[in-house]
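Number of protein chains: 2
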Amino acid sequence: MGEVKAILFDVFGSVVDWRGSIIRDLSAWGSAQGLQADWATLADDWRGKYRDSMNRVRSGKLPWMNLENLNAITLDEILPRSLANLGPDQKHHINMVWRRLDPWPDAVPGLTRLKSRYRIATLSNGNVALLAAMAEHARLPWDMIFSAEQFRHYKPDPETYLGAAKLMDLAPGEIMMAAAHVSDLEAAKACGLRTAFFPRPLEFGVAREQSGGDFDILAKDIEDLAAQMGC
Amino acid sequence: MGEVKAILFDVFGSVVDWRGSIIRDLSAWGSAQGLQADWATLADDWRGKYRDSMNRVRSGKLPWMNLENLNAITLDEILPRSLANLGPDQKHHINMVWRRLDPWPDAVPGLTRLKSRYRIATLSNGNVALLAAMAEHARLPWDMIFSAEQFRHYKPDPETYLGAAKLMDLAPGEIMMAAAHVSDLEAAKACGLRTAFFPRPLEFGVAREQSGGDFDILAKDIEDLAAQMGC
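Chains A and B supply the protein sequences, listed in that same order.
Just so you know, we're using my numbering here: the first sequence kicks off at 281 and counts up by one.
Just so you know, we're using my numbering here: the second sequence kicks off at 281 and counts up by one.
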């Protein structure tokens with residue numbers, strides 16, 4: 281691992297707890313607005329359409345659009361099951377919840393340790409404005425923000441991993457992709473990146489077993505990753 | 281100015297002292313290498329070709345290439361006047377000097393103050409890897425790095441100012457461009473951005489008078505800009 285100079289992180293689920301955060305944020309907001317809804321169902325329905333919505337862009341069925349634009353379309357599809365008669369400002373507030381996600385408890389301390397020795401950055405399907413606002417909200421100490429939006433390709437397209445490598449002026453082998461998702465890491469590995477897996481058993485609410493794969497590092501969480509990377 | 285949410289900074293000359301840094305850095309390295317050269321002449325010759333070299337790309341005479349690739353070409357053109365018989369590693373070391381530029385004394389304290397209230401980012405013709413390495417070297421606390429490289433257009437092309445606005449999901453009027461160069465600010469203003477000018481009388485070594493222009497803020501330096509922006 282001596283040649284690794286930068287670590288790219290998947291964000292949704294890996295660094296931040298999208299499900300718990302959406303439920304907490306929208307429950308509090310909904311109460312203040314007098315809105316009753318099953319926010320857990322909304323979160324799960326929304327996330328359930330996440331990959332399909334990006335695949336519509338990846339396959340060319342939809343023109344390029346960034347994640348917040350995609351999420352707004354998906355939200356309109358899934359909202360009727362949870363809530364009716366929302367105004368545009370309310371829908372916008374809900375759509376912007378992804379900017380307000382909270383980190384897993386180990387994320388900020390782990391990233392801060394890694395930052396002392398490596399350049400750390402996002403490599404996320406979230407758009408730049410979303411990731412920048414989230415960094416401010418969650419105090420994530422990124423050196424750089426790389427987003428599918430800059431490459432006009434969603435992960436796991438190789439253009440994302442190799443695009444970030446090119447912008448960093450690093451060889452793929454000098455970069456490590458870190459994520460709680462095997463498919464992301466397998467795609468990064470196929471592009472020549474180093475890989476680090478850590479599980480997030482509670483990402484989808486109900487505890488699940490997650491087994492790693494044939495990756496360079498298997499860690500318990502981001503603090504453990506920092507320890508294994510000598511920080 | 282109440283609507284400004286983000287401040288974009290020109291970097292070379294505005295935030296960092298390219299001329300003083302190049303002379304200091306290469307003088308020290310040259311001594312260690314046993315190389316005698318007039319480093320001030322090298323810095324001035326190199327910078328003298330800066331705008332022309334980007335204009336070759338802007339006009340389509342050269343295909344898109346990032347600033348470090350352009351700088352390497354320019355360096356080969358101007359080196360013979362200062363130094364002969366350098367090896368490729370030595371040329372590379374010289375070309376990477378832009379990653380090691382030092383900030384003007386007010387830059388880090390001013391940016392740190394502005395960061396408490398605004399999102400702060402580069403909008404530079406430097407490439408991403410250069411700007412990221414410089415941020416680490418000079419401890420520049422950017423929230424984001426925007427570079428001509430991401431837009432495949434050099435300033436003052438409007439694609440740079442408007443591209444950054446789009447990635448930030450902000451209207452041009454919610455963004456302020458801050459620079460020590462009138463031409464950069466005039467181009468930003470034409471795109472609808474707010475503008476802040478501060479002089480760098482010693483940018484080119486010999487003290488010069490710099491008058492501002494019809495910009496929203498005229499500041500003495502970045503600390504004064506922070507004060508005027510309420511930080």
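Hints in this document: simulated from the structure, not taken from any laboratory.
Computed from a predicted model, the values in this text were never measured in an experiment.
Among the clues, some could well be false.
A pair counts as met if it fits within one copy or between any two copies, since identical chains are not told apart.
Here are the computed lysine-lysine pairs in the DSBU-like style, where the Cα-Cα straight-line distance is at most 35 Å [said to hold, decoys possible]:
1. LYS446 to LYS371
2. LYS329 to LYS446
3. LYS341 to LYS500
4. LYS395 to LYS341
| task | Give the relationship of LYS446 and LYS371 under a CA distance limit of 35 Å: within one copy only, between copies only, both, or neither. | result | Cα proximity of LYS446 and LYS371: across copies only (21 Å, versus 37 Å in one copy).
| query | Should LYS341 paired with LYS500 be assigned to within, between, both, or neither, using CA atoms and 35 Å as the limit? | reply | Classified as neither; 38 Å inside a copy, 53 Å across copies.
| task | At 35 Å max between alpha carbons, let me know whether LYS329 reaches LYS446 within a copy, between copies, both or neither. | result | Classified as both: same-chain Cα gap 31 Å, cross-chain 25 Å, threshold 35 Å.
| query | At most 35 Å between C-alpha atoms: does LYS395 with LYS341 qualify within a copy, between copies, both, or neither? | reply | neither (39 Å within a copy, 40 Å between copies)
Going through the hint list in order, the structure does not satisfy hints 3, 4.
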